[in-house]
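Asker: With the working numbering, the residue at position 252 of the sequence shown is 394, and numbering never jumps.
Honestly, the hints are just simulated from the structure, not real lab data. Owing to the predicted nature of the structure, the values given are computational and were not obtained by experimental measurement. It cannot be assumed that every hint is accurate.
[Stated by the list, open to error] Restricting the straight-line Cα-Cα distance to at most 25 Å, the calculated cross-link-like pairs of lysine to any residue (SDA-like) are:
hint : residue 1 : residue 2
1    : K363      : E291
2    : K371      : Y224
3    : K386      : P283
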Amino acid sequence: MIEENDTLGGTFPFKPHFSTAPGFRMHYVDEGQGSPVLCLHGEPTWGYLYREVIPILSKTNRVIVPDYMGFGKSETPQHLEYTARQHTDNLEILVKELDLHDITLVVHDWGGQIGGALALRQASRIRRIVVMNTMLSMGLPEEEICWTENSKESAWFGWADRAVANGTFEATLMNSGVAIVGLMKLLQGFERANVTEDFFRAYSLPFATPEECNGVIAFPKSIVTGSFKAETGSESQISAVLAKPAMMIEGTKDKVLLAKHFVPVFKKAFQMHRYITWTKQVTFCWKMSLKKSAS
Numbered sequence: 143m144i145e146e147n148d149t150l151g152g153t154f155p156f157k158p159h160f161s162t163a164p165g166f167r168m169h170y171v172d173e174g175q176g177s178p179v180l181c182l183h184g185e186p187t188w189g190y191l192y193r194e195v196i197p198i199l200s201k202t203n204r205v206i207v208p209d210y211m212g213f214g215k216s217e218t219p220q221h222l223e224y225t226a227r228q229h230t231d232n233l234e235i236l237v238k239e240l241d242l243h244d245i246t247l248v249v250h251d252w253g254g255q256i257g258g259a260l261a262l263r264q265a266s267r268i269r270r271i272v273v274m275n276t277m278l279s280m281g282l283p284e285e286e287i288c289w290t291e292n293s294k295e296s297a298w299f300g301w302a303d304r305a306v307a308n309g310t311f312e313a314t315l316m317n318s319g320v321a322i323v324g325l326m327k328l329l330q331g332f333e334r335a336n337v338t339e340d341f342f343r344a345y346s347l348p349f350a351t352p353e354e355c356n357g358v359i360a361f362p363k364s365i366v367t368g369s370f371k372a373e374t375g376s377e378s379q380i381s382a383v384l385a386k387p388a389m390m391i392e393g394t395k396d397k398v399l400l401a402k403h404f405v406p407v408f409k410k411a412f413q414m415h416r417y418i419t420w421t422k423q424v425t426f427c428w429k430m431s432l433k434k435s436a437s
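Required output: the full structure, derived from the provided sequences and hints.
Answerer: In structure tokens, the structure reads:
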């Protein structure tokens, strides 16, 4: 776990906030005023993922960026199960505690599974949705097909499947504090200049000991073993979510969650009428203009 006042060389200068309502010490950033923008991270990241976005959005909005249990500056409780449902329970408790309404929900990676479940439960609190390199899971039939086909082709899930089978998966990820940045570079790629000492510390410190690696192990293992089950909403719950203004921003070079599987699911669910692919390997899909209702 990262010390609460560690700014990582000034790259994460935001005041730390904590909630104990979920049953552990859950860290979140709370910057700015206005209608809330709730930003959810994935694996193996944490709120640091949004460090360059927070100062921009907080000029006009209240920006809330929580760290899941076992990630970032949040505790890694040993008495809770590291399932998507438990993470959603924790997030829902925080949203209610902060009394958030009129939320712009921004999700990345596993944030899509956690954020999708939150949206089903609390649709009246959500105003609009932004999805980045993931799907907004709601238990639709297309989602299971997407996961199955993606797992067959994804380099990450191919390795994870073999590692679970030969018994090396947990042992490898228990050393995430040392291996995590190398793994991120192998899977996703990023400019070498970005790998500063502060960057390395940001993504290695949360997993300094095997006991702190529960979160980073559980997410991918649940896909490989088939234990992950998306929260399934009722027809009315799903309709309420799909009625929201929505946008997808998809990096088409993602080697973990392949765009060719995830973009069609989003377009079908939200009945996309407009989309564009930039030459910089990014696909944008949107249901309606978000500018009109921007806060």
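Asker: State for each hint whether it applies.
Answerer: A quick look at each hint next to the structure:
no.: 1; hint: K363 to E291; in the structure: 17 Å, holds
no.: 2; hint: K371 to Y224; in the structure: 13 Å, holds
no.: 3; hint: K386 to P283; in the structure: 20 Å, holds
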